[in-house]
Amino acid sequence: MTAPNLPAPSSGTAPDGTPSTPRGLPHRGGALNPSADALAERFGDAIVRSEATWGETTVFVHVESLHEIVRWLHDEPTQRYDYLVDVTAVEYRDAMRPIEVVWHLRALGHRRFLRLKVELPKRGTLIVPSVIDVYCGADWLERECYDMFGIKFDGHPDLRRILLWENYQEGFPLRKNFPLRGRFSRAEQLKQALAQDPEARYSMNELTIAEAFDSLPEDMRRRLAADRARTGEEGVE
Amino acid sequence: MTETTTRRTIEVALGTSGLDANGMPIRAPLVVQGHNAVALEGTSTFEPELDSDHMLINIGPQHPATHGVLRLVLELDGETVVRCVPHIGYLHCGFEKIGEYRQYNQIIPWTDREDYLNSPGNNVAFALGCERLFGVEITPRCTVLRVIAMELSRIISHVVWLGTTSVDMGAFTPFLWLYQERENVYNLLEAWVGARLTTSMTRVGGMAADIPDGWLDGLRAFIKGFSKTLEESVKMLETNAIWAGRTVGLGAMSAEEAVNAGLSGPMLRASGVAYDVRKDFPYMDYETYDFDVPVGTAGDVYDRFLVRAEEMRQSIRILEQAVRRLPDGPVNIDDPRLILPPKHKATSEMESMIHHFKLVMEGPRPPAGECYVAVESPKGEKGYYMVSDGSAKPVRWRIRPPSFVNLSAIPRMVEGHLLSDVIAINASIDIVMGEIDR
Amino acid sequence: MGVTPALDRRVVPVDPKSQDGWVTSRLDFLVNWARAGSLWPMPFGTACCAIEFMSTAASRFDLSRFGMERLSYSPRQADVLICAGRVPYKLAPVIRRIYQQMPQPKWVISMGACASTGGMFDNYAVVQGIDTIIPVDVYVPGCPPRPEALMHGIIMLQQKVMRDRLRDGTLHTEIEPDPTSQLYIPPSRIDELSEPFGNSVNQTRSNP
Numbered sequence: 042m043t044a045p046n047l048p049a050p051s052s053g054t055a056p057d058g059t060p061s062t063p064r065g066l067p068h069r070g071g072a073l074n075p076s077a078d079a080l081a082e083r084f085g086d087a088i089v090r091s092e093a094t095w096g097e098t099t100v101f102v103h104v105e106s107l108h109e110i111v112r113w114l115h116d117e118p119t120q121r122y123d124y125l126v127d128v129t130a131v132e133y134r135d136a137m138r139p140i141e142v143v144w145h146l147r148a149l150g151h152r153r154f155l156r157l158k159v160e161l162p163k164r165g166t167l168i169v170p171s172v173i174d175v176y177c178g179a180d181w182l183e184r185e186c187y188d189m190f191g192i193k194f195d196g197h198p199d200l201r202r203i204l205l206w207e208n209y210q211e212g213f214p215l216r217k218n219f220p221l222r223g224r225f226s227r228a229e230q231l232k233q234a235l236a237q238d239p240e241a242r243y244s245m246n247e248l249t250i251a252e253a254f255d256s257l258p259e260d261m262r263r264r265l266a267a268d269r270a271r272t273g274e275e276g277v278e
Numbered sequence: 100m101t102e103t104t105t106r107r108t109i110e111v112a113l114g115t116s117g118l119d120a121n122g123m124p125i126r127a128p129l130v131v132q133g134h135n136a137v138a139l140e141g142t143s144t145f146e147p148e149l150d151s152d153h154m155l156i157n158i159g160p161q162h163p164a165t166h167g168v169l170r171l172v173l174e175l176d177g178e179t180v181v182r183c184v185p186h187i188g189y190l191h192c193g194f195e196k197i198g199e200y201r202q203y204n205q206i207i208p209w210t211d212r213e214d215y216l217n218s219p220g221n222n223v224a225f226a227l228g229c230e231r232l233f234g235v236e237i238t239p240r241c242t243v244l245r246v247i248a249m250e251l252s253r254i255i256s257h258v259v260w261l262g263t264t265s266v267d268m269g270a271f272t273p274f275l276w277l278y279q280e281r282e283n284v285y286n287l288l289e290a291w292v293g294a295r296l297t298t299s300m301t302r303v304g305g306m307a308a309d310i311p312d313g314w315l316d317g318l319r320a321f322i323k324g325f326s327k328t329l330e331e332s333v334k335m336l337e338t339n340a341i342w343a344g345r346t347v348g349l350g351a352m353s354a355e356e357a358v359n360a361g362l363s364g365p366m367l368r369a370s371g372v373a374y375d376v377r378k379d380f381p382y383m384d385y386e387t388y389d390f391d392v393p394v395g396t397a398g399d400v401y402d403r404f405l406v407r408a409e410e411m412r413q414s415i416r417i418l419e420q421a422v423r424r425l426p427d428g429p430v431n432i433d434d435p436r437l438i439l440p441p442k443h444k445a446t447s448e449m450e451s452m453i454h455h456f457k458l459v460m461e462g463p464r465p466p467a468g469e470c471y472v473a474v475e476s477p478k479g480e481k482g483y484y485m486v487s488d489g490s491a492k493p494v495r496w497r498i499r500p501p502s503f504v505n506l507s508a509i510p511r512m513v514e515g516h517l518l519s520d521v522i523a524i525n526a527s528i529d530i531v532m533g534e535i536d537r
Numbered sequence: 071m072g073v074t075p076a077l078d079r080r081v082v083p084v085d086p087k088s089q090d091g092w093v094t095s096r097l098d099f100l101v102n103w104a105r106a107g108s109l110w111p112m113p114f115g116t117a118c119c120a121i122e123f124m125s126t127a128a129s130r131f132d133l134s135r136f137g138m139e140r141l142s143y144s145p146r147q148a149d150v151l152i153c154a155g156r157v158p159y160k161l162a163p164v165i166r167r168i169y170q171q172m173p174q175p176k177w178v179i180s181m182g183a184c185a186s187t188g189g190m191f192d193n194y195a196v197v198q199g200i201d202t203i204i205p206v207d208v209y210v211p212g213c214p215p216r217p218e219a220l221m222h223g224i225i226m227l228q229q230k231v232m233r234d235r236l237r238d239g240t241l242h243t244e245i246e247p248d249p250t251s252q253l254y255i256p257p258s259r260i261d262e263l264s265e266p267f268g269n270s271v272n273q274t275r276s277n278p
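Line order of the protein sequences matches chains A, B and C. Throughout the first sequence, residue numbering follows our numbering, covering 42 to 278 in sequence. Throughout the second sequence, residue numbering follows our numbering, covering 100 to 537 in sequence. Throughout the third sequence, residue numbering follows our numbering, covering 71 to 278 in sequence.
With the rest of the complex left out, here is chain A:
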């Protein structure tokens, strides 16, 4: 498929070490990121497997050791994965395949890219550790993953929906059992949307008014209490 007069294949680093445009990357079985070997050496059984697809290394890990692995990758001087690119999930159309939760990490100093994956069986509880204490940028990324897939991130201080409204009833949109047009009829979707009072969208977590709750105006108190009952969230304290 490649034209004959293009430059030779390159993995992204020229022979003199400077970055270069990757070319002719192999589909499978290319060179692994050195971090994959370092991880296997350090964590042994926690690493399920590593593979290289199109020049990118993916390391599958067990969910229990994920947080430790991420912390090690961030702190270890030879790794220094200081940049969290993305947290997302993949659900395959094949019902037998598990849901994969994906973390994309970059080491800016060492110029490396790594993908970590955790496989969660679809029938089980979808819960993974949160990496927000390692990367504060994980905050909204994890909230979005929860919103779209229903995956809970254990340790996230404020895991609520971010793209859809907080008491969205139809489910988790990016799951494969969620139809493209939603579960309700258009009129019902509109009715539910219009029932959200645009001004009442303050959650108890974001207002420092817990101790002054009783001195709030009556209608605001009622709205907040109704919200709390609907979303089932605990109080601030």
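One thing to keep in mind: the hints can contain errors.
What the hints assert, rightly or not - Far from chain A, some chain C residues (derived; all Cβ distances over 12 Å):
id: 1; residue: V93
id: 2; residue: R140
id: 3; residue: S142
id: 4; residue: D207
id: 5; residue: M226
What the hints assert, rightly or not - Far from chain C, by Cβ distances over 10 Å, these chain B residues were calculated:
id: 6; residue: I156
id: 7; residue: R295
id: 8; residue: N431
Stated by the list, open to error - Computed beta-carbon distance windows for the label pairs:
id: 9; chain 1: B; residue 1: T272; chain 2: C; residue 2: R79; range: 44 to 50 Å
id: 10; chain 1: B; residue 1: S447; chain 2: A; residue 2: P220; range: 38 to 44 Å
id: 11; chain 1: B; residue 1: D389; chain 2: A; residue 2: M137; range: 48 to 54 Å
id: 12; chain 1: B; residue 1: I453; chain 2: A; residue 2: G212; range: 38 to 44 Å
id: 13; chain 1: A; residue 1: R201; chain 2: B; residue 2: K327; range: 46 to 52 Å
id: 14; chain 1: A; residue 1: P118; chain 2: C; residue 2: R140; range: 58 to 64 Å
id: 15; chain 1: B; residue 1: P426; chain 2: A; residue 2: E117; range: 42 to 48 Å
id: 16; chain 1: A; residue 1: H103; chain 2: B; residue 2: E419; range: 50 to 56 Å
id: 17; chain 1: C; residue 1: P266; chain 2: B; residue 2: E461; range: 18 to 24 Å
Hints were generated in silico from the structure; no laboratory data involved. Heads up, the beta-carbon is just placed ideally off N, CA and C, and yes, glycines get one too.
Model the placement of chains B and C on the given structure of chain A, informed by the hints.
Relative to chain A, chains B and C alone:
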């Protein structure tokens, strides 16, 4: 309002003109007393009063200065922001869900509309990702044309940023001057692919169309004219006391904070971190172009402005080089499994007709696999993560939006600043809600 | 240039025996001319159409010649709500509230395919046309519509404004939504309006 020593949060409108007796803006913190907000005499630093009440202000989602449908809930102590909670999702349109129901070439119009200020750039980024997933290499001419598209896109995105940020701060003229330049680019894009804003200019394996004759002359004319307009607009703002006074020292993020928060693009570079995807993880032969990446020091709004202005100048440099090196040759690769055959063949040769049929009805099918391709969009690191199971429609199409992660840092940048500074800081992040909410 | 808009051929009742026919029609003309010449838009810009709206307001296409250069971001001071861009369900109560905050007489221009019918977003998240939430006067198709197209829509709206009659009490009355569902039009009608059409009918298969 009752006197009470506990902190109450109430909803009131900000009832002060913000000007003192001489008509100058009050920079001292304001305190609510009775029904007015007054400045405390002789205070130059923020001192929380035990009996001052906190106000809850809601900005948006419909607001001229939020650059889209963003909602900011601010808790103010006087005029100082104590806490800021952004709410997004008001433009959530299910892009990633739809991506699972469309063939790869059919997704390209969707990439136009998520970051709609950087449509050609998104098209190119997505096509790069597809080509990585399919394992094909594009032609040299296509590579250079895509570099031209991306840099033009960077220029017009920064132009909108500069125009709207000036309007937010009260300077209306740069908006009109820069929009006139944007119209010139629209003319070029329209001549190339037929559309002004939502271009859909790439296809998997090539481009929608090759540039018409004389297009490069139009581009050269644009470069000449734009350099002049850019210098005029930047000169008007760079050393302007109002602009500097309103932007210097605002919303600063240190380098460690910025990296840990996942910021990218001019936001990160203004904080002193020299990370540019074009330099560190190059694509489309960017390592062969001679350009610099501006890096700031303080990480405040003023630095971000300077970084973006300089980026526009560097984009002009890249464009000049690209125009000089544009090679002849085909723009699409010669692969019948990806590229539609020319019409005269499709209507006369059986094989071409079958290819045409399969490409239109089914769409090109990549091998099973996944790839993450990141480009340097004007907003930051824009990534497309695509997972394929061998069928014509992706299993997962993930957009890694730079503005989403950049905006999540706004509470840290805004807390401790004044209400009017919130607008300036928000403008400096350069958000596009289409990309944030997808 | 191209398509002639279909004129609104409503018959406006005029009583020939009424003494003030000549005065009323002159008054109508004066009021309508003033309104049409200074429609202050409220740009409810959400997405790409908002950028084309900004281009229309900028120097080359200039909304100022329509008297519309004073963009009013407060609905209280606006005449015409220009909904430029896609409206997801989360934004629906917001646009409804904004529309209700506008004082009469008010008009709505639905700019772009997404505001008119949901556009290319036939999915769980996007309102399939803002006319399911608020009454619309002019639809401007396009994705995004060129500035010329938007101006064509504005001119159509101005012609509609010129056809207003003060004596017609049915114009410019506030519609009250159904108190339980908050809908202006019956649910069956909304489902009918939101039904997929064209290509969209066939493009809901995920597995190839």
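Results of checking the hints against the structure:
1. Every CB of chain A is more than 12 Å from the CB of C:V93 (nearest about 43 Å), matching its label as outside the interface.
2. The Cβ of C:R140 lies farther than 12 Å from every Cβ of chain A, with a closest approach of about 26 Å, so its non-interface assignment holds.
3. Distance check for C:S142 against chain A: the nearest CB is about 19 Å away, which clears 12 Å, and the non-interface claim stands.
4. No beta-carbon of chain A comes within 12 Å of the beta-carbon of C:D207; the shortest separation is about 20 Å.
5. Remark: the non-interface label on C:M226 is consistent with the geometry, its nearest Cβ contact in chain A lying 27 Å away (cut-off 12 Å).
6. The beta carbon of B:I156 sits about 16 Å from the closest Cβ of chain C, which is more than 10 Å, so the claim that it is off the interface holds.
7. Distance check for B:R295 against chain C: the nearest CB is about 7 Å away, which does not clear 10 Å, and the non-interface claim fails.
8. At the 10 Å boundary, the C-beta of B:N431 stays outside the reach of chain C, the nearest C-beta of that chain being 23 Å off.
9. Between B:T272 and C:R79, the C-beta spacing of about 46 Å keeps the proposed range 44 to 50 Å intact.
10. Between B:S447 and A:P220 the CB atoms are about 43 Å apart, so this pair conforms to the stated range of 38 to 44 Å.
11. Between B:D389 and A:M137 the C-beta distance comes to about 52 Å, which sits within the given range of 48 to 54 Å.
12. For the hinted restraint 38 to 44 Å between B:I453 and A:G212, the CB-CB distance of approximately 41 Å keeps it satisfied.
13. Remark: the range hint 46 to 52 Å for A:R201 to B:K327 is upheld by a beta-carbon distance near 50 Å.
14. Distance hint check for A:P118 and C:R140: the Cβ-Cβ separation is about 60 Å, which falls inside the suggested range of 58 to 64 Å.
15. For the pair B:P426 and A:E117, the beta carbons lie near 45 Å from each other, so the given range of 42 to 48 Å is met.
16. Between A:H103 and B:E419 the Cβ separation comes to about 53 Å, which falls inside the hinted range of 50 to 56 Å.
17. Between C:P266 and B:E461 the beta carbons are some 21 Å apart, a value that agrees with the proposed interval 18 to 24 Å.
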